[in-house]
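Residue numbers (this note's numbering), protein chains in the order written: chain C, 1 to 218; chain L, 1 to 218.
Just so you know, these hints were derived from the structure itself, not from any lab. One should not assume that every hint holds.
No distinction is drawn between identical chains; accordingly, a pair holds when it is met within one copy or between any pair of copies.
To be verified - With a straight-line cut-off of 20 Å between C-alpha atoms, the simulated EDC-like cross-links for lysine to aspartate or glutamate are:
| # | residue 1 | residue 2 |
| --- | --- | --- |
| 1 | 97 | 57 |
| 2 | 215 | 152 |
| 3 | 97 | 29 |
| 4 | 97 | 109 |
| 5 | 18 | 67 |
| 6 | 97 | 175 |
Protein chains: 2
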Amino acid sequence: MPCALYYPMREFIVVGHKAVTDGQFSLNDLPGSAGRMDIMCRCINSALFLSHDLRRDVVVYLVLLGEPQPPKIVKFIGQDVRYLNPDERSSGSLIKKALELTARARWRESTSGVWVRQGDLEGLLSELNSSAAKGDDNRLYYLREDGTDIRDVIKEEMPQPSTFILGDHVGMTPDEEQKIMDAGARTLNVGPVSLHADHCIIVVNNELDRNNERKGCD
Amino acid sequence: MPCALYYPMREFIVVGHKAVTDGQFSLNDLPGSAGRMDIMCRCINSALFLSHDLRRDVVVYLVLLGEPQPPKIVKFIGQDVRYLNPDERSSGSLIKKALELTARARWRESTSGVWVRQGDLEGLLSELNSSAAKGDDNRLYYLREDGTDIRDVIKEEMPQPSTFILGDHVGMTPDEEQKIMDAGARTLNVGPVSLHADHCIIVVNNELDRNNERKGCD
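Kindly generate the complete structure, drawing on both the sequences and the hints.
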């Protein structure tokens, strides 16, 4: 069986505390009027792009908590996504299209591989844990500066389906942290200095790539 | 002596083969009319940003080879740079301001920490080697997929001043590769899958951060 067939899924959850929740924002002002949507855009790039391909085994959830209709979740599925280029405006444009749809409690697809629904972090974690309870051995990791070094964890625990949770520029609230830990997450860090969420995602992907190679999945 | 005082300098050279060389481009179309300037912008972000600070020990050289006035080099000095935010438009705006100056053979500062001059890759490498010959033990590394794994090199050879050379989406020409190797570069790779230049820079920074910590410089 080619290794790609049993590549474990990688999921990233990024919480945008100020990121707007309708499609009225300007692509010319992602940091300002869109509530630091630029961070979300870079996280999409970091999670999904290879040099001349997309990471088909990656799913990204953006939990958007800004006005006017919070909370919403926008999901990018690497296997299906189309029309995505590496620049911030490109992912911004797909997020905008998703937010132009009326979000409901169930996922709706806005463009190929991009989905939107109403929902918050707690509900998403519960959904993922519920999926794990059905036999999918998904592990939950919360990226935090005082977490365990990913290199001390990765060899024993991965590869297997893993979900990594990251905050934006304002970090998680104590309440969010509590929900994350209640969901069974383990804290991880990716190095000795504090990095932006999108940079952390690059490092996580690199560690998982290397680990897949060690396991013979290159 | 605080470790920061003897942190070795990190330099990144990125070659933008299509990146335009005047300041007429639109910040709304960095990938298109600006000749994939978005790649250069993301490399600035990757090289210079920490979570709530800039990397003061990093210098980035963008070698721009697009029309209408190639070649030019734009330099960002982490220690001095101001007005830089993480989004692509922000670094794009500083590059644009640099390219609006008339470039000469000598460096000119356009905004704090951002400099521009006429010049190509070969001249830049020669300048860096000449500086190294004066006693600065700078090492030159060329990021290429078939290079030696950075993790096999870093412990012995770093920390010390290091310069990392990266191509853009079209890669280096054979002629450029020859000049890089003639300048004494060693080829390095950062993992088992091929990554964008800006992603490679993140991984290099992470490896150097970890190595500094191992050497007691955290």
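Alpha-carbon proximity between residue 215 and residue 152, which holds within one copy, between copies, both or neither at 20 Å: Result: close both inside a copy and across copies, 16 Å intra and 19 Å inter.
Classify it for me, residue 18 with residue 67: is the Cα-Cα distance of at most 20 Å met within a copy, between copies, both or neither? within (7 Å within a copy, 39 Å between copies)
When no copy is named, should residue 97 and residue 175 be tagged within, between, both, or neither for a Cα gap of at most 20 Å? For residue 97 and residue 175, the Cα distance exceeds 20 Å both inside one copy (30 Å) and across copies (44 Å).
Treating 20 Å as the Cα threshold, decide for residue 97 and residue 57: within, between, both or neither. neither (23 Å within a copy, 40 Å between copies)
At most 20 Å between CA atoms: does that hold for residue 97 and residue 29 within a copy, between copies, both, or neither? both (16 Å within a copy, 19 Å between copies)
Within, between, both or neither: how does the pair residue 97, residue 109 come out at a Cα-Cα threshold of 20 Å? Only inside one copy: residue 97 and residue 109 sit 10 Å apart there, 40 Å across copies, limit 20 Å.
In summary, the numbered hints that this structure violates are 1, 6.
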